[in-house]
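**Q** Just need the whole structure built from these sequences, with the hints factored in.
Chains as they are written, first to last, in the working numbering: chain C, 1 to 546; chain G, 1 to 316; chain X, 1 to 302.
Quick caveat, the hints were computed from the structure, so don't treat them as lab data. Any given hint could be a false lead.
[Stated by the list, open to error] Derived coverage of chain X by chain G (criterion: at least 3 residues anywhere in the stretch with Cβ under 8 Å from a Cβ of chain G; other residues may be distant):
| id | segment |
| --- | --- |
| 1 | 132–141 |
| 2 | 223–237 |
| 3 | 253–265 |
| 4 | 279–287 |
[As the list claims (entries may be wrong)] Straight-line alpha carbon distances no greater than 25 Å define the calculated DSS-like cross-link-like pairs of lysine-lysine that follow:
| id | chain 1 | residue 1 | chain 2 | residue 2 |
| --- | --- | --- | --- | --- |
| 5 | C | K52 | C | K525 |
| 6 | C | K423 | C | K380 |
| 7 | C | K178 | C | K151 |
| 8 | C | K122 | C | K178 |
| 9 | C | K104 | C | K117 |
| 10 | G | K69 | C | K212 |
| 11 | G | K73 | C | K212 |
| 12 | C | K226 | G | K170 |
| 13 | C | K226 | C | K128 |
[As the list claims (entries may be wrong)] Estimated spans, in silico, between C-beta atoms of each pair:
| id | chain 1 | residue 1 | chain 2 | residue 2 | range |
| --- | --- | --- | --- | --- | --- |
| 14 | X | F38 | G | W160 | 26 to 34 Å |
| 15 | G | W160 | X | Y66 | 28 to 36 Å |
| 16 | G | R216 | X | P264 | 53 to 61 Å |
| 17 | X | Y66 | C | T56 | 40 to 48 Å |
Since the model is a prediction, treat every value here as computed from it, not as a measurement. In this text, a Cβ means the ideal position worked out from N, Cα and C, and glycines have one as well.
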Amino acid sequence: MRTFSRRDFLKLGVGTAGVTLLAACAPTPQTSTPSSPAQPTAGAAGAAPKVKRGGTLVHSQSWTYPTLDVHLSSIPTGPAYSSLYDTLIRHELVDDKVGRYELKPGLAESWEQADPKTIVMKLRKGVKFHDGSDFNAEVARWNLDRMRSDKKSFARDQTAAIDTVDVVDPYTIKLNLKAPSPAILAGLSGGSNGSATAMLSKAAMDKLGPDKFALNPVGTGPMKFKQLIPDDRVVLERFEDYWMKGADGKTLPYVDQFVSRYIPDPSVAMVELRSGGIHIIDNIPPKDVETVKSDPSLVYWEMPWAGPTYFFVGFNLKSGPFATNLKLRQAALYAIDRESMAKAIGFGIGRPALYPLWNSSHLGYDESIVKYPFDLDKAKQSLKDAGYPNGIDVNLLVIAREPENTIGQMAAEMWSKAGLRTKLETLERLSWIDRMRKFDFDSGFWRISTQPVDDDEKRRYFGTGGASNWSSVADPELDKLMEQGGTTYDVKQRAEYYKKALTLIQEKAYLGSGFQVPENKALRKEMKGSKVQFTYLDIRESWLDS
Amino acid sequence: MSRYFLRRAIQSIPVLLLITIITFAIVHLLPGDPALAYLGEAAAKDQVAYEAVRLELGLDQPLPVQYGKWLGKVVQGDMGRSVRTREPVTDGLSGRLPVTFQLALMAILFAVVIAVPVGILSAVRPGSRTDSVGTVFAISGVAVPHFWLGIILIYVFALWLRWLPASGYKSPTENLGANLQYMLLPALTLGAGQAAVIMRQVRSSLIEVLRNEYVRTARAKGLRERVVVQRHALKNAFIPVITIIGMQVGRLFGGAVVVESIFALPGLGRLAIDSIMFRDFAMLQGAILILAVAVVVLNLLTDVLYAYLDPRIKYA
Amino acid sequence: MAVIDLHMEMREGTAERLKRRLPLAVLRRTLRTRGAGFGLVVTAVVIFMALTADFISPYNPIAQDYALVLQTPSSAHLLGTDELGRDVLSRIIYGSRVSIQAGLVSVGFSVVMGVMMGLLAGYFGRWVDSLLMGLADAMWSFPNLVLALAIGAILGPGLTNAMIAIGIVYTPLFARLVRGQALSVREMEYIQAARVMGAGPVRLMLKHIWPNVASAVVVQASLMVGVAIIVEAALSFLGLGVQPPQPSWGSMLKSAYQYMVRAPWLSIFPGAAIFLTVLGVNLLGDGLRRALDPRLKEFGEA
Chain C
1 MRTFSRRDFL KLGVGTAGVT LLAACAPTPQ TSTPSSPAQP TAGAAGAAPK VKRGGTLVHS
61 QSWTYPTLDV HLSSIPTGPA YSSLYDTLIR HELVDDKVGR YELKPGLAES WEQADPKTIV
121 MKLRKGVKFH DGSDFNAEVA RWNLDRMRSD KKSFARDQTA AIDTVDVVDP YTIKLNLKAP
181 SPAILAGLSG GSNGSATAML SKAAMDKLGP DKFALNPVGT GPMKFKQLIP DDRVVLERFE
241 DYWMKGADGK TLPYVDQFVS RYIPDPSVAM VELRSGGIHI IDNIPPKDVE TVKSDPSLVY
301 WEMPWAGPTY FFVGFNLKSG PFATNLKLRQ AALYAIDRES MAKAIGFGIG RPALYPLWNS
361 SHLGYDESIV KYPFDLDKAK QSLKDAGYPN GIDVNLLVIA REPENTIGQM AAEMWSKAGL
421 RTKLETLERL SWIDRMRKFD FDSGFWRIST QPVDDDEKRR YFGTGGASNW SSVADPELDK
481 LMEQGGTTYD VKQRAEYYKK ALTLIQEKAY LGSGFQVPEN KALRKEMKGS KVQFTYLDIR
541 ESWLDS
Chain G
1 MSRYFLRRAI QSIPVLLLIT IITFAIVHLL PGDPALAYLG EAAAKDQVAY EAVRLELGLD
61 QPLPVQYGKW LGKVVQGDMG RSVRTREPVT DGLSGRLPVT FQLALMAILF AVVIAVPVGI
121 LSAVRPGSRT DSVGTVFAIS GVAVPHFWLG IILIYVFALW LRWLPASGYK SPTENLGANL
181 QYMLLPALTL GAGQAAVIMR QVRSSLIEVL RNEYVRTARA KGLRERVVVQ RHALKNAFIP
241 VITIIGMQVG RLFGGAVVVE SIFALPGLGR LAIDSIMFRD FAMLQGAILI LAVAVVVLNL
301 LTDVLYAYLD PRIKYA
Chain X
1 MAVIDLHMEM REGTAERLKR RLPLAVLRRT LRTRGAGFGL VVTAVVIFMA LTADFISPYN
61 PIAQDYALVL QTPSSAHLLG TDELGRDVLS RIIYGSRVSI QAGLVSVGFS VVMGVMMGLL
121 AGYFGRWVDS LLMGLADAMW SFPNLVLALA IGAILGPGLT NAMIAIGIVY TPLFARLVRG
181 QALSVREMEY IQAARVMGAG PVRLMLKHIW PNVASAVVVQ ASLMVGVAII VEAALSFLGL
241 GVQPPQPSWG SMLKSAYQYM VRAPWLSIFP GAAIFLTVLG VNLLGDGLRR ALDPRLKEFG
301 EA
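**A** What follows is the structure in structure tokens.
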């Protein structure tokens with residue numbers, strides 16, 4: 001799973017003693033290695049044909065880029081970002097069976113940990129932004145400063161460990177950390193946050209200002225900006241001076257043009273894919289997996305080690321019946337029939353998730369930690385113990401969209417069977433946000449689009465004041481454990497902290513989860529060579545075999 | 001005539017002003033604010049970011065001040081920036097306007113091409129089989145929900161027959177052929193209901209005209225029925241039809257909302273819906289204003305055309 | 001607004017004729033129009049379904065059965081099952097309640113609000129008229145669905161709120177219709193006479209003006225029922241309106257739409273139900289229109 005990546009790099013770097021050195025990554029010349037895993041191909045695999053250049057690659061996703069200024073994007077994960085921008089470190093998948101990652105050189109050629117609180121990075125020379133300006137240490141520092149200081153930045157959490165950035169020479173920077181941070185390198189790679197920590201052109205930003213920059217983005221990536229039709233598409237074209245080389249020895253990317261379309265409706269996107277209008281869809285709903293698999297012109301690409309969690313449920317811990325009643329929360333968790341959810345909505349690819357946010361491969365995961373498997377009798381007993389022998393009326397707030405709608409209906413019925421008579425309220429997105437912020441709810445659930453790359457990022461979901469802490473968990477003990485976990489290099493030690501944290505969450509029944517579906521993509525078979533960073537499509541090595 | 005035109009235009013100013021106030025009120029009555037929309041579910045609990053965004057969007061100011069500032073700028077031709085995409089509202093509108101206009105135009109064209117001949121045939125022989133078929137068609141056309149018809153058309157033509165793309169948009173300047181392929185199903189969907197209305201109007205007003213004295217006179221003169229219809233009846237029968245068509249364009253914008261959503265067209269209707277969902281006050285104002293102005297202008301043009309065609313109407 | 005102006009061409013005295021006519025006679029006249037009989041039958045069937053859903057529905061419309069997800073139509077489930085294994089036929093039967101309610105209540109709301117607005121504007125004239133009609137024009141300038149969606153989002157989800165939203169959106173239509181009539185009636189001699197004799201505005205409006213506009217309002221209302229049903233379905237389709245798991249045709253279509261590739265039949269039935277119902281209501285309304293005033297314009301023009 002994704003923690004493999006971190007573990008591996010920690011093993012590689014810190015070692016189990018974990019005090020001093022993060023091994024420097026050998027500065028390797030960046031040519032793509034044909035053996036590195038990428039998308040599966042239809043039919044005969046392995047017989048890697050010669051890549052073809054040219055053509056327009058069309059992608060579709062169900063959300064629209066909030067802004068092309070990726071530091072300020074609330075969803076910094078689409079392929080338009082990874083094509084426009086590069087990060088200092090790349091988060092590359094090296095084993096697609098288990099989802100093992102390696103941190104590879106990006107705009108930073110190498111890095112070393114001088115001491116637990118200092119990282120020195122050598123930057124790649126000769127890299128140009130699309131506007132012709134140079135990428136260098138000054139620009140890198142400006143970017144890192146912006147990520148941390150702009151209040152609207154979505155890279156703030158990921159870079160919070162950095163105290164200051166020094167320019168050592170034009171191509172070397174020194175990161176001075178506030179405290180030891182095992183998560184910072186993964187953070188700089190973007191990880192589960194895609195391109196949030198990517199490098200933007202300072203020259204363009206100075207010239208245009210943030211509003212105009214967002215409409216004319218400039219990065220160092222393999223594709224440069226051509227056109228934005230808001231709520232419809234982003235069109236990018238090949239950047240001739242890109243620094244990375246392809247298998248044929250010439251610069252990447254292989255395709256001339258890349259179009260990232262916004263198709264809000266997955267059914268419509270599926271129709272388009274099948275008729276050839278688009279080449280790849282990110283995250284198809286489980287119900288469509290069979291359709292894709294049975295269509296000879298399509299390829300199904302699954303990443304089982306990651307993927308969204310559904311029915312991630314939180315309780316109002318400020319007021320209302322759940323706030324002070326542990327037994328009531330436990331009753332609710334016992335009443336969730338995760339198997340049925342996974343089966344009915346997961347269409348064969350869903351799997352129950354007993355622990356919120358923790359997967360079997362995550363640090364601190366332990367089956368012995370208290371859990372709440374589906375048990376109607378226990379749920380009813382807990383409800384009695386909670387002081388509601390005759391049941392209780394509660395509400396469940398969800399955002400009116402799919403699959404939340406369907407899952408909400410299932411959950412409401414399951415809870416009602418156990419005696420928590422649930423009034424499902426499906427709300428327009430902002431009404432949901434508004435009600436949840438005002439604590440005008442008993443329980444609610446939201447979508448966890450994928451696991452965090454580093455356990456440290458989990459804080460946002462239950463740390464006091466966390467950006468996605470909708471139930472307002474505020475537990476000093478939990479905060480302390482997460483703080484300790486986030487500043488410890490020693491993997492075993494870290495795992496201990498996180499095990500305690502998960503145990504605490506479970507004992508207090510702060511959060512619950514339903515099921516998980518694997519991250520996936522559906523693509524046409526003529527599209528080849530695609531890779532992912534974390535699980536996000538990276539099209540620089542994609543090509544069209546037409 | 002031009003004075004009439006001017007007077008009508010001036011009369012519509014208070015209405016436009018009321019429209020802006022209603023829009024403003026709507027956006028601010030909606031729960032949640034643009035800053036929360038900007039942050040989304042993933043970060044809306046982040047108080048620091050929330051305050052920063054509110055400040056930047058000017059949401060910290062009292063409502064009347066926000067409205068006054070906005071109106072002041074609009075008068076100078078500056079509609080502000082979208083709070084969602086940060087693009088100037090005028091750019092956002094000018095990008096989407098052609099899509100909706102083309103959609104409406106094609107839908108009307110489609111409706112007229114079907115409705116007028118059927119309407120005439122029905123009117124010339126009321127009670128005939130043609131008339132019955134036409135009536136059934138007309139009544140059905142009004143009763144079909146757009147969103148359902150759209151789904152069925154996508155299923156049949158895109159998924160099953162694979163003749164046309166299911167969704168999306170290409171600009172006509174880029175590739176006219178592709179543009180038409182993309183616009184065909186949406187225009188059909190939107191046009192069906194309009195065809196029904198127009199057909200009924202053609203039929204009923206032609207029947208009425210054919211009952212008139214001068215038509216009878218023409219017939220009495222021994223003119224053939226075809227000539228009677230073509231030379232004498234049609235022009236007069238078309239006066240109310242044109243009114244109906246002019247007004248339908250306004251109604252079409254309402255239908256465009258659904259059709260653009262289903263076919264993923266980047267038009268004004270979808271923009272309006274998205275702007276509501278994102279509390280994008282500046283953009284919503286712009287979209288509604290454009291649509292409302294378009295309706296006002298169209299009604300005006302229709303009136304003028306009506307006056308031009310109907311010599312009985314005199315304007316002071 | 002020209003459509004409404006056309007309605008105003010109604011001949012005087014309609015009210016008197018309306019009063020004289022017995023309901024049965026109106027019905028008989030209504031049924032003379034082709035298709036109106038069919039419309040009556042369809043409408044009656046839908047109302048029957050709505051009233052007797054508890055007895056005629058083969059299954060509980062919200063009972064989930066995860067073992068029976070997305071079944072094709074069979075003898076056990078005549079119209080198949082949905083994504084939660086619920087019986088589609090039962091959901092359609094229960095869904096008729098929502099559509100019938102939405103059609104009647106929201107139009108009723110429009111009528112009450114619109115008639116009040118129109119009477120006030122027409123009776124008082126001057127600035128009251130300008131203000132109210134300006135408001136009506138401004139509201140009417142919004143694409144109807146955009147306004148309904150916005151109001152629906154403000155009020156929050158739920159059928160009641162959706163009906164209020166639709167009611168508000170179509171209020172200007174009735175306000176305009178009534179106002180024009182009221183304006184012309186108010187100058188008539190007998191009204192002036194009544195006023196001189198000390199009749200208050202409320203009495204004048206209700207006793208003298210309203211009867212003159214009643215039949216036009218009834219006709220317009222009957223034609224708007226179908227529109228209201230479609231708009232409610234559209235709101236449900238866009239996520240406002242009836243809250244799940246309660247079935248409504250619009251929300252059924254919304255969730256069926258996701259399964260367009262996998263289970264296309266799911267999209268057919270709720271859509272067909274909306275279509276047939278609106279068709280029936282429109283045919284009936286068309287007949288009513290001809291019965292009450294043959295010179296009124298064609299349906300669906302508003």
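**Q** All the hints need checking, so say for each whether the structure fits it.
**A** Hints versus structure:
1. 132–141: Coverage by chain G holds here, the residue count being 6 at a Cβ distance below 8 Å.
2. 223–237: holds (count 5)
3. 253–265: The restraint on the segment 253–265 of chain X holds, since 5 of its residues have a Cβ under 8 Å from chain G and three suffice.
4. 279–287: holds (count 4)
5. K52/C - K525/C: 14 Å, holds
6. K423/C - K380/C: Holds - the C-alpha atoms of K380/C and K423/C are around 18 Å apart, at most 25 Å.
7. K178/C - K151/C: 19 Å, holds
8. K122/C - K178/C: Answer holds: K122/C to K178/C is near 21 Å, not above 25 Å.
9. K104/C - K117/C: Given pair K104/C, K117/C holds - Cα atoms ~21 Å apart, limit 25 Å.
10. K69/G - K212/C: Holds, at about 22 Å.
11. K73/G - K212/C: Given pair K73/G, K212/C holds - Cα atoms ~19 Å apart, limit 25 Å.
12. K226/C - K170/G: Answer holds: K226/C to K170/G is near 15 Å, not above 25 Å.
13. K226/C - K128/C: With Cα atoms ~17 Å apart, K226/C and K128/C stay inside 25 Å; holds.
14. F38/X - W160/G: 26 to 34 Å: 31 Å, holds
15. W160/G - Y66/X: 28 to 36 Å: Because 30 Å falls inside the window, the suggested range holds.
16. R216/G - P264/X: 53 to 61 Å: Given about 54 Å between the Cβ atoms, the range holds.
17. Y66/X - T56/C: 40 to 48 Å: Because 43 Å falls inside the window, the suggested range holds.
Hint violations for this structure: none, all hints satisfied.
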